[in-house]
Amino acid sequence: MNRATPQMRSIAKHLMVTETRRNRSATAPPAAALPVTDKLRPYLATLVGKGGVRALLARALVLATVEVAWLRAAKVNADGDLEGFDTLGANLDPAEFMEGRVVLLAQLLGLLVAFVGPSLTSRLVGEVWPDVPLKARDFGKEHRREKAK
Amino acid sequence: MAANLTSDSMPARLSSPWLEHAPSPMATVEGATHRVRDINAAFRRLINTTRDDAEGKPFCELLPENGECLALLDHVYHTGKPASFTEQERPARAPAFWSYTMWPVMADGRAVGVVIQVTETAPPPERTLAMNEALLLGSLRQHELTAAADSANIQLQVEIGQRRQSERDALMLTKEISHRIKNNLQIVVTLIANEIRRTPAQFAQGYVATESRIAAIAELYDLISQSSRVESVSLDAYLREIAKTMAASLLEPSSGISIEVKAQAVDIDPDRAVSFGLLVNELATNAIKHAFPRGTGRIMLIVERVGDQIELTVADDGVGMAAKDPSKAPGKHGSDYVAIFVRQLGGTIAVSGSDGTGTSVRIRFPLLVVSSPA
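Sequences listed follow chains A and B, in order. The first sequence begins at 1 in the working numbering and counts up one residue at a time. The second sequence begins at 150 in the working numbering and counts up one residue at a time.
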C-alpha cells in the first residue's frame, strides 16, 4: 500500500524546497534535517495529539523504508521526534538524502490524505504554509461515499 | 424575531413558564447590564448553576468566556436586531464550545431585554483531541492490518500458482504413465493373440478370456491418458470403449450378436475402475459365450445413477438362465471373478431371467467411496 504517489512526492518536494530555501536566509536558525516534518508536527499534535503524531510518523517511516533502505537507521522516539537524520545526512549523498526525506514526507502526507481526506490535508498544509498556493497543495478529489441503494 | 410587549407586561414575559421546559438552553436578560431575568433548566444544567445563583446576575458573569457574548448582547440590545454566533476552534480553549442565537424583547419600540438560546454545544477540546488521537491510532492499526493482509494475499496467490503448476505437472505425469501402461498392456494383448493363433481352438478359450480382460484394463489406462482429470473416470466413456474392444476381439464381423450401450454420465474413482471394467468384460463375455446358441441376439450394457448408487446392468435377450450351463452363472461360486469384482466395487448383485426370456444381471455399488485416513 504505497502512499508515496507521484502527486504526493511532487507536493512533498515542493514543501521541502520551500522550507529549505527559507531556512537558508540570514536570519534563520541552522537548517534542520527535517524542516517540513518539524514544522508540521505541532499543528498535527493539536488535532490528533502527540500519540497520534508519533504513530503517524512511525507508520510513514515503515512505509518509506520499503523504498529507501537507509531510512531503517532512523527511528521515532517516545516524544515523536525522528532520530538519526543528522548522522545519516552527514554520510549520504545530498541528492540521495533529499530523496529519502521526500519519500518519507510523501508517505506522511499520503497517510493524512487516506485518513482525513484531501481537502482537510490541503487546509492543514495551507495553515502551516500560507504562502504555498492552492495549486501546489492539490491532494486530489474527495472520495465520496456511495449512497445506499 | 423581536418580541413586542409593553413595559408593564415585560417582567412577566421575560420569565414565562414556557421557558422552563424548553429542550434547548434558554435565558432572558434585561437592561443594559443584561441581568438574568429567567434561565431554564437546560441552561442551568449546561453551566451547572441554580436559579437562585443565576437570576439577577449579569449574564456574562455566568459564562466561562464572555468576550463575544457581551459584545453580541450589547449589539442586540442597542440595535434591536437578532444575531447569532457560531463558536470556532480557538487557541485559548474554553471548557465548552457554544453556538447561540439572540433576539431582542421589544417594548414601546425599544429593546428592554434579550432572549438567548444556545443552539449547539460541543465536548471539551481535550476530549475531542483524545478522540481524534484514538481514531487515528485505530486507522493506523487498520492500515497496518490491511497492508499485512495484502502481503499475505500476494503470498497466497504465489502458493496457489505453485500448487496449480504442481497439479498440472502431476496430471501430465499420470497421463504419460497411463499411456505407457496402456502401450505395454497392448503389447501383452498382442502376445496373447499370437498364442491364440498358434493354439488349437479347443484349448484357446483361456487365452481369449485373458486377452479380453487385459484389453479391458488397457482401455481404462487409455481413457485416463486422454482425460483432462485423473481423480475420476467417466463410466459412460469407459463402457463404450469396453464394448467396442469386446466386439472387435470376441465377435466376428459377420456375427449376429450386437453389443449396445446406454449410459448416463457418471464417474467412478480410478481404484474401482479396473474392477468395473473387468466385471463388465466378464458378464458380457459370459453372455456372448452362452446366451446365443443360434449366434444372434443383443447384449445391453446399461449404467445409470440410482440415488447415491450406480447401477450396472448387463442384459441379454438370449436363451435365459435355465438353458445356460449352471456352472457359468455369475455369483454362484465364491471364486467366481464376478463375485470378486462386485465385492471390490463394494456392491451387490441380482440376477433375473428365466428360460427363453434372456438374462439380466444388476449390480449396484456406491457412487463415492470415502477413503479412510492413512
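For the record, the hints were derived by calculation from the structure and aren't laboratory data. Keep in mind that this is a model prediction, so the values were computed, not measured. Among the hints, erroneous ones may be present.
[To be verified] Straight-line distance between alpha carbons at most 20 Å, and here's what the computed SDA-like set of lysine to any residue pairs gives:
| id | chain 1 | residue 1 | chain 2 | residue 2 |
| --- | --- | --- | --- | --- |
| 1 | A | 50 | B | 501 |
| 2 | A | 50 | B | 282 |
| 3 | A | 50 | B | 277 |
[Stated by the list, open to error] Sample of chain B residues with no beta-carbon within 12 Å of chain A, all distances over it, derived:
| id | residue |
| --- | --- |
| 4 | 182 |
| 5 | 194 |
| 6 | 282 |
| 7 | 338 |
[Claimed, not checked] Under 8 Å between C-beta atoms, here's a sample of chain B residues computed to sit facing chain A:
| id | residue |
| --- | --- |
| 8 | 199 |
| 9 | 279 |
| 10 | 281 |
| 11 | 286 |
| 12 | 288 |
| 13 | 289 |
| 14 | 293 |
| 15 | 294 |
| 16 | 451 |
Note that beta-carbon positions come from the ideal geometry of N, C-alpha and C, so glycine has one too.
Inset, instruction - Output the numbers, in ascending order, of every earlier hint that fails for this structure. - result: 1, 6, 8, 15, 16
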